[in-house]
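Colleague: Residues per chain, in single letters:
Protein chains: 2
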Amino acid sequence: MGKVTTGATMSLDGFIAGPGDTGFELLFQWYGNGDVEIPSASPEVPSIRISAASAELIKPEWQNTGALLVGRHLYDLTNAWGGRHPMDVPTVVLTHKRPENRPEDDENFVFVTEGIEAAIAKAKELAGDKNVGVNGGQMARQCLEAGLLDEVGIELVPVLLGSGTPLFAELGATPVQFEGPITVVEGTGVTHLRYRVKK
Amino acid sequence: MGKVTTGATMSLDGFIAGPGDTGFELLFQWYGNGDVEIPSASPEVPSIRISAASAELIKPEWQNTGALLVGRHLYDLTNAWGGRHPMDVPTVVLTHKRPENRPEDDENFVFVTEGIEAAIAKAKELAGDKNVGVNGGQMARQCLEAGLLDEVGIELVPVLLGSGTPLFAELGATPVQFEGPITVVEGTGVTHLRYRVKK
Numbered sequence: 071m072g073k074v075t076t077g078a079t080m081s082l083d084g085f086i087a088g089p090g091d092t093g094f095e096l097l098f099q100w101y102g103n104g105d106v107e108i109p110s111a112s113p114e115v116p117s118i119r120i121s122a123a124s125a126e127l128i129k130p131e132w133q134n135t136g137a138l139l140v141g142r143h144l145y146d147l148t149n150a151w152g153g154r155h156p157m158d159v160p161t162v163v164l165t166h167k168r169p170e171n172r173p174e175d176d177e178n179f180v181f182v183t184e185g186i187e188a189a190i191a192k193a194k195e196l197a198g199d200k201n202v203g204v205n206g207g208q209m210a211r212q213c214l215e216a217g218l219l220d221e222v223g224i225e226l227v228p229v230l231l232g233s234g235t236p237l238f239a240e241l242g243a244t245p246v247q248f249e250g251p252i253t254v255v256e257g258t259g260v261t262h263l264r265y266r267v268k269k
Numbered sequence: 071m072g073k074v075t076t077g078a079t080m081s082l083d084g085f086i087a088g089p090g091d092t093g094f095e096l097l098f099q100w101y102g103n104g105d106v107e108i109p110s111a112s113p114e115v116p117s118i119r120i121s122a123a124s125a126e127l128i129k130p131e132w133q134n135t136g137a138l139l140v141g142r143h144l145y146d147l148t149n150a151w152g153g154r155h156p157m158d159v160p161t162v163v164l165t166h167k168r169p170e171n172r173p174e175d176d177e178n179f180v181f182v183t184e185g186i187e188a189a190i191a192k193a194k195e196l197a198g199d200k201n202v203g204v205n206g207g208q209m210a211r212q213c214l215e216a217g218l219l220d221e222v223g224i225e226l227v228p229v230l231l232g233s234g235t236p237l238f239a240e241l242g243a244t245p246v247q248f249e250g251p252i253t254v255v256e257g258t259g260v261t262h263l264r265y266r267v268k269k
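Residue numbers (my numbering), protein chains in the order written: chain A, 71 to 269; chain B, 71 to 269.
Hints in this document: simulated from the structure, not taken from any laboratory.
All C-beta atoms, glycine included, are put in the ideal place defined by N, C-alpha and C.
Hints may be right or wrong, so weigh each one.
Okay, the calculated bits of chain B under chain A, using three or more residues with CB under 8 Å as the criterion [what the hints assert, rightly or not]:
1. 88-102
2. 224-237
3. 241-248
4. 252-261
Generate coordinates for the entire structure from the input sequences, incorporating the hints supplied.
Modeller: In structure tokens, the structure reads:
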């Protein structure tokens, strides 16, 4: 059985998006500042080119991910990544209401409306022995609060956004302590940190 | 001429204090989880005992600090550290109004009411060839906004506080990009990161 992990690129002041979903060009500079190409399965999202140090960590992490869970906000914001997530895995979308223009689940997207536990269960089923990746601050928070999260990955970038969307937005039961970092890797313009959630 | 640096122990979600000035026992666990004693010059603040890895970084940083600049909030919150700052250096306090129970400046505390530039100038004068350390989120923010800050040090600890006081509270001119980290040191329960402010 794989792990449930969440990862986010975060500003030094703790935001995964600036005010009004801005700041992505600053947060994701490290997606384009290296020599190692990581292909994208999305027709609308270009491949990323990251440093060798980043790639040595990120590439096996992507390869070990068997399914994703994302929230409806991220799904809409990215326009469903043009039809397939860049990581080339099936993506579970937790939503209150299925999008009307996608009546049937397919091999790219599966919609779950019954809450976070059902969404993780579905993603685990799709992932098989591999890991489930959780994306979006609200999804990460819900997983953490429900005790469903095993690891947290932070790609910390040296920028201050001042305000915006926090990593775990509106976290209820604080404080929360993690173990680690179990991994620290310095890329170019990004520090990769991996933490284990205490159970 | 020394550098102007600021340093803060910060939660993984970007807070240097929890709601209502709480959470310090979680933020500062790393002050007590090691074998290397760093003496305190304050009669009310105990010495810290940090890991060898942390001490190798922190000890020379403290020794290279010639004066501190703090805000009135921190000065009051700590009760003036019992009379002398733990780092054993003269401390400039930026305040709107001098405290009535300390009419004269002495070798421990100097009060400045003329604003951030005057406060830094005074601290630099006291520091001589050594560095000036700036403490407290408001002071750090004012220094950054005034272009007076050279380096930022983050002691990142694996805890989520959910809310509280941000590192650079109410930062105006965002986004701000730093260079680095120029140093990454993994202590016990803390990741030490050092960034250079772009000028």
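Colleague: Please go over all the hints and tell whether each is borne out by the structure.
Modeller: So, going through the hints one by one against the coordinates:
1. Note: the stretch 88-102 of chain B has 3 residues with beta-carbon separation from chain A under 8 Å; the three-residue rule is met and the coverage holds.
2. Against chain A, the stretch 224-237 of chain B contributes 10 residues with a C-beta closer than 8 Å to a partner C-beta. That satisfies the three-residue criterion, and the hint holds.
3. Against chain A, the stretch 241-248 of chain B contributes 7 residues with a C-beta closer than 8 Å to a partner C-beta. That satisfies the three-residue criterion, and the hint holds.
4. Counting residues of the stretch 252-261 of chain B whose CB lies closer than 8 Å to any CB of chain A gives 3, so the stated coverage by that chain holds, three being the minimum.
Consistency note: the structure conflicts with none of the earlier hints.
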